[in-house]
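**Student:** Below, each chain spelled out in residue letters.
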Amino acid sequence: MTGMRAGVFLFAIPGLAFVFAWHIAVGAKVIPLRTVVEALVAYDETLFDHVVIRDLRVPRALIGAAAGAGLAVAGALMQGVTRNPLADPGLLGLLAGASFLVVLGSFAGLSAPSAIPALAAVGALGAAALVWGIASAVPGGATPMTLVLAGAAVTAFLAALTAIMLLLDETSFDSLRVWLTGTLAGTRGATEIWAVAWLALGLTVALSASRQVTALAMGDDAATGLGVNVQKLRLAILLSVVALTASAVALVGPMGFVGLVVPHIVRLTVGHDYRLIVPGAALGGAIFMLLADIAARMLLAPVEISTGLITALVGAPFFVWLVRARL
Amino acid sequence: MPEDTLNSTMIVGSNIRPAPTLRVDNIRVAYGNTPIIDALSLDIKSGALTAIIGPNGCGKSTLLKAMARVLPVQSGHVLLNATPIHDMPTREVAKTMALLPQGPVAPEGLRVKELVAQGRFPHRSLIRQWSRDDAEAVARAMAATDIQAFADRPIDALSGGQRQRVWIAMVLAQNTPVLFLDEPTTFLDLKVQVDLMTLLRRVAHEDGRTLVVVMHELNVASAFADQLVMMRGGAVIAQGAVNDVFTQDNLLSVFDLSARVLMDPESGRPVCIPQVSP
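Chains A and B are the protein sequences, given in the same order.
The first sequence lines up with residues 1 to 327 when you count with the numbering used here.
The second sequence lines up with residues 1 to 278 when you count with the numbering used here.
Just chain B, with the same shape it has in the complex (with noise of 0.2 Å):
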């Protein structure tokens, strides 16, 4: 089997927490004085991949860290089934929402099992150690993404979209109902990115888990979301279903990208095509 193709083990995984529900209550995020997020409210659909687009610097990866709370609101909360997570102790967020950052750096030599193995970071203590529910976790995680073959392989002598896949291994071991996923595919191959993707749908779908992925490639973003938030300037301009949200008018205002939509007739989604001027 060719080394970037997905196997199709079922990722399935027991001891998943169903999926909470997740809002965004009018929240400000600042950088020192300058906000870069107000007054911003969101609500999630859960089990379901959410994509956020919009242009560089509209505040999509700062409203992610800020729901991931690695970056701290100044008013407004996130809410966790309706409880604020910036109030709740860091090691309880983690067992239901993991996150990759943007851009992950592993420690020098370490590896894939080794890393794979930190998404079971919140769920053990000094007391609590290795069991085997951690084992089964680091394995399913590792069938699903298909990286058993470099298993002891360290991180720093692995191709970009086969480094990225151990990446997405870590956080599905956390086994997480919640995930958050910063860019998980820019800069990669498109059929890196498809697997990729291909990958994270079924997680959210065969799992019922729910999946906010910051994203750049605006037609794998259609091809593959269920639902899509459009931020400018640190504010939502749009969000819904794919077939609603993802339109030529959508695209020039939040974008000011020209563009033709057109539908797939196979799958039934939106493409768009830039215009270029003569």
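Chain A with its partners taken away, still in its complex shape (with noise of 0.2 Å):
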């Protein structure tokens, strides 16, 4: 059974390596596959479409698969350890937290390609704190709705004080009003080999402690009596969550509901050991970033919209299904 499970990995890896051809193909000019993949094995600097894949697409391309990557699974890690499907790191306030502090940080001159994703990280863990102590603070503690109200109006809250911030400031400020919509366009130059290094450690902890988070969702006794070491697990898999999701928000900007709508993807595929979905949710992730990034160049071309408005589209709906079909 599990290796039949695993065998999706087979199908999943070349699957990864054609949505990522197709998304380079994609763009202001489209060029064949063919091309595309002449560029990437054999290139040739002579060529103006092989200077275009290297220098523009393929970075796109990267970033984008990474901060699917990262999303999906801190979402499944949310998800496994909380034991709440509705647990994401967009409902659950981090990605406006990350994307608070990033702002506040440019607006005092804290802008250093090292700074974003450590302040994207403290927002991240400050505003899961915030919304953690409002929804426990609740008649009825934490549960997946309180949670997700009280990330609600996190979020507004963050979301109101970013756009003052935003204002203040209109002209030096445009470039991260589109990053704050959630956007594979631009770069920010060695901001992505930081945000890389968090997500290479988040993903390392996420993987070593994959096997735990399985035997943590029968709850806290059981998995003690397993011989899991709850209280550190936890604190790991925070780390690992707070990590993934900070290096996502310095690549593309606060990029709502991958964390949500991958994970439960995943389950469907390769079942619920978390040994699989974690590397499962990488690739998914990473493959439904693609995909959404090539829609938002496709469907009103030439006019590219937002990729993050294309996440919402899909997740939203996802969202509500869920809330249907599962609480």
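Keep in mind the hints are simulated off the structure, nothing from the lab.
Wrong hints could be hidden among the right ones.
Unchecked claim - Taking lysine to aspartate or glutamate pairs in the DMTMM-like style, the calculated list, with each CA pair at most 20 Å apart, reads:
id: 1; chain 1: B; residue 1: Lys95; chain 2: A; residue 2: Asp220
id: 2; chain 1: A; residue 1: Lys232; chain 2: B; residue 2: Glu92
id: 3; chain 1: A; residue 1: Lys232; chain 2: B; residue 2: Asp87
Stated by the list, open to error - A partial selection of chain B residues facing chain A, derived with a Cβ cut-off under 7 Å:
id: 4; residue: Val70
id: 5; residue: Pro72
id: 6; residue: Gln74
id: 7; residue: Gly76
id: 8; residue: Arg91
id: 9; residue: Ala98
id: 10; residue: Leu99
id: 11; residue: Val105
id: 12; residue: Gly109
id: 13; residue: Leu110
id: 14; residue: Pro122
Cβ atoms here follow ideal geometry from the backbone N, Cα and C, with glycine treated the same way.
Once you've looked at the hints, go ahead and assemble the two chains, each given alone in its own frame, into the complex.
**Tutor:** What follows is the structure, given as structure tokens:
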């Protein structure tokens, strides 16, 4: 059974390679897939298309894949550890907290490449603590519903504060305004290097803890009985979720619903063991994000819309379905 | 064969460590500042089934959780072969003692086989992957609990009794010489309770494992336990062999229950019949 489920990866990996190539082919000028493959395997700097592919499109595809993987793994971990099918970095306020602090940092002159993921991490952690605190203080405690409501309130509040800061200086925050809708357009220079380091940290912790997450999903007592150090594991998972969220926000802005949608789809194909769910979510998140970005560039071509709008258009109905089917 | 009839496969497992001694030494357990248990000491008989009974809120679950190191002790020790378990790495403890908590929850959609395989958790690591020992332990546990027929079904699709057998299979697969079970038979039909207790008693007697079971049904406890521990108000009021402890006086003082205690001539075990006031 597990073997058959692991076989899904045999399709997912070529699938990702195909979507990656397709993503590179799409753009202001459509480049044939054949040229894309040639540029990847036999780069020729005298060909204009090859230069476009290497300097613009491959970085964009890599950023998208990395951010998608990070958000999906963060969502999967949150859902597993909290036993909450609605857990997601966006719905629980982490994305709003991360982007709020990044904008606040820019406002205060803190926009060094190394500072952005760090600010995003502190913001995500603070928002998570705030949402958890509010939901726990409500009569009945932190249930999936109170967490989502607290997440919505904190997100709205932080978005308002962010909007005020942007209004104070309209011109210099123009690029941030686009970034805040979730976009793969426009690179932020050395920030990517730092963001990828945070992503690597988060993924390493997630993969090494994945086996214990399945045990923890049976409840604290059962997990302890099996030999899981519950407190230590929770802390490691929190670290991982914050690092993954921070890296994704630094790369593409607060991209909603990826962490909600992808893990549920992955569970349908690989089952409920987190040793398969975590790598599955990483692959699935990358594919999902690239497909969303392809749609963002094709739907109203030649006008390009923010990728975050596409993930929201897909994610919001999915959220409604989840609430109806699972709560 | 009807689903709820347990088969007679031998349970005897290989690689089970010999039953260690288990002692509770003067422990105090509290939720916040409210002590639930204070100055409680207890010796658990090795290789036998001990049932802990007592009225609601008497601290029997709390005692079990403290023994299984799910709850911390504020003072005193739980000693496994004279080593305090609260000082041992939790993974090491899990190779010696298994816990089935009260009303456990299965991760949604997990299949029976996958849940039982979770019992192998403490024996595996990132480096040590699934081995023949693991496969054997899982197969044996599933045979002993007679759940092979629904190995590939999701847990949510099972009846209460079947689900409880799956959980018991999981803790059996852990292959530990000590097992703690918190109300494994509550809310189940009497027939299902009897089947489960028959299985647990065989685990104790045939495997020589030490079982400590928190129970609600007095007559089922008396019929299947080797040892009884009666608790009230966070203290042990009586303990020992069933026939010595399961008496009219003890039922009255521990449960405020007026009951006649009769001997079942066939099993030689006591049975209580509550007195109904006219």
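**Student:** Now, for every hint given, state plainly whether the structure supports it.
**Tutor:** Status of the hints after comparison with the structure:
1. B:Lys95 x A:Asp220: holds (18 Å)
2. A:Lys232 x B:Glu92: holds (16 Å)
3. A:Lys232 x B:Asp87: OK: Lys232 of chain A and Asp87 of chain B at ~16 Å, within 20 Å.
4. Val70: holds (5 Å)
5. Pro72: This hint is violated: Pro72 of chain B lies away from chain A, its Cβ roughly 11 Å from the closest one there, beyond 7 Å.
6. Gln74: violated (18 Å)
7. Gly76: violated (19 Å)
8. Arg91: holds (4 Å)
9. Ala98: Holds, about 6 Å.
10. Leu99: holds (3 Å)
11. Val105: holds (5 Å)
12. Gly109: It holds, given that the least Cβ distance between Gly109 of chain B and chain A is near 5 Å, below 7 Å.
13. Leu110: holds (5 Å)
14. Pro122: Result: holds, 4 Å to nearest chain A Cβ.
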